[in-house]
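The listed protein sequences derive, respectively, from chains S and U. 1 is the number of the first residue of the first sequence in the UniProt record's numbering; add one for each residue after it. 1 is the number of the first residue of the second sequence in the UniProt record's numbering; add one for each residue after it.
Hint data in this document are derived by calculation from the structure and do not stem from the laboratory. One should not assume that every hint holds.
[Said to hold, decoys possible] Facing chain S, according to a computed beta carbon distance under 8 Å, are these residues of chain U, among others:
1. THR12
2. TRP57
3. SER60
4. SER61
5. THR86
[Said to hold, decoys possible] Cross-link-like lysine-lysine pairs, in silico, DSS-like; alpha carbons within 30 Å at most:
6. LYS293/S with LYS6/U
7. LYS54/U with LYS74/U
8. LYS242/S with LYS88/U
9. LYS54/U with LYS242/S
Ideal Cβ placement from N, Cα and C applies to all residues, glycine included.
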Amino acid sequence: MTIKGKAYIAGIYEHPTRHAPDKSTAQLHAEVAKGAIEDAGLTKADIDGYFCAGDAPGGLWPMVDYLGLKVRHVDSTETGGCSYLIHLGHAAEAIAAGKCSIALVTLAGKPRTGPMPPRAAGAEADFEVAYGATTHNAYGMCAMRHMHDYGTTSEQLAWIKVAASHHAQHNPHAMLRDVVTVEDVINSPMISDPLHRMDCCVVTDGGGAMIVTTPEIAKSLKKPLVRLIGHGEAMKGPRGGKDLDLTYSAGVWSGPRAFEEAGVTPKDIKYASIYDSFTITVLMQLEDLGFCKKGEGGKFVSDGNLISGVGKLPFNTDGGGLCSNHPVNRGGMTKILEAVRQLRGEAHPKVQVPNCDLAIAHGTGGLLGVRHAASTCILERV
Amino acid sequence: MAETKKYPAPVTNPETVEFWEAAKAGKFMIKRCTACGEAHYFPRSICPFCFSDKTVWEESSGEATIYTYSLMRKSPTGPYAIAYVTLKEGPSLQTNIVDCDLTSLKIGQKVKVVFKPTDGAPLPFFTAA
């Protein structure tokens, strides 16, 4: 049993806003849903499956009602920023099993306009909450240990932001469009050692959506054909505190599962969407996915190796979360959307990868330094 | 700022109440599984490794080394250092390093447990040994 080739991404939409004080969160979900449905050339009545995560106000019942959907399959898997990458895999499973034929996945929210509601407490709450783990210091702890174990440097991490900025200059919707240098990054204020402000992603209002469907329906529509050929998901946490190692992510498990299902290797990938909540997130995931050996990520990302048209592995050609968009502090959806643009040949001409027929979209959710999920999707142009 | 920082009182529950009662007496407790021999933290009634229910409380030495850390430069209550420390007994845990020079912390540095008051049971932290 495999989902290889069983599901196609037929519609995509990324909200152009990065600041939406004049809209409701549910409204943003509706706007991205509408955008993706129209991009696919479908109507709302065609949707028979719906997927959303923790950003959807009230979850499935209110959202299905608010959007006016009539569905026969739903999934509200919540794994933070990578929820939508997992939704893509789960949608493919549901479609392969005949549980639905046209699935809608939405993400939207407004962290830039106001504070986000707190997460529900886990069993660890009394033993961790007081210590003030945030995204910045949790990823900072990963970077600190990676530097200790492998000699990774701030300059090497900076190259990831530099590459993202080279791409963002061509994206009219990107929040930060200025090209920056390694010096700019390491001279930006220290937020939580060893991460500087420019090692951190943007905070944006906005959202995105996609339509996942059967091969037959996708082929009846007008868009270039993009299909999922491999998917993996995994989780990692301190697990009782045994053998703690913050230098790798759950991507070490989700990646190989996806590559094996797809029957390809990292060497075959033409374009990579890699979750970039922080520069260290990218570096660790590139290692974990097998684009380079563990500990050699710093060397791999240096000297523009991630810049489209310059390096060997063009990444996040929309400018990514580091420069363009990180709606609701959840980067998984935009990772899929830019990968689909690349495979369709719809990326900006300055960053479009020639003959891009195989791409990866990968992300993590939660806190890399505490507990997190990872999901890997291998996408192919047919 | 650190002197005025107010920490949240543990909510506690039937599974962990003994940990917090011991904390009031200045003891830092971990759990050990008598079936597989592994110690773990935070405490569970069922071993997260072998899933045996034969877990028992054990007083930790409170001695640890810093596995990693990050100094948060700004917060509403001032700078603070989050860390993972590895106990002499084995388990690693999340904490804050307190009451010492936060600008000269090092991975591998020896630290020891200290308790700080809340409106409920005191919370464990670590400081330079």
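Structure versus earlier hints, numbers of those that do not hold, lowest first: 2, 3, 4, 6, 7
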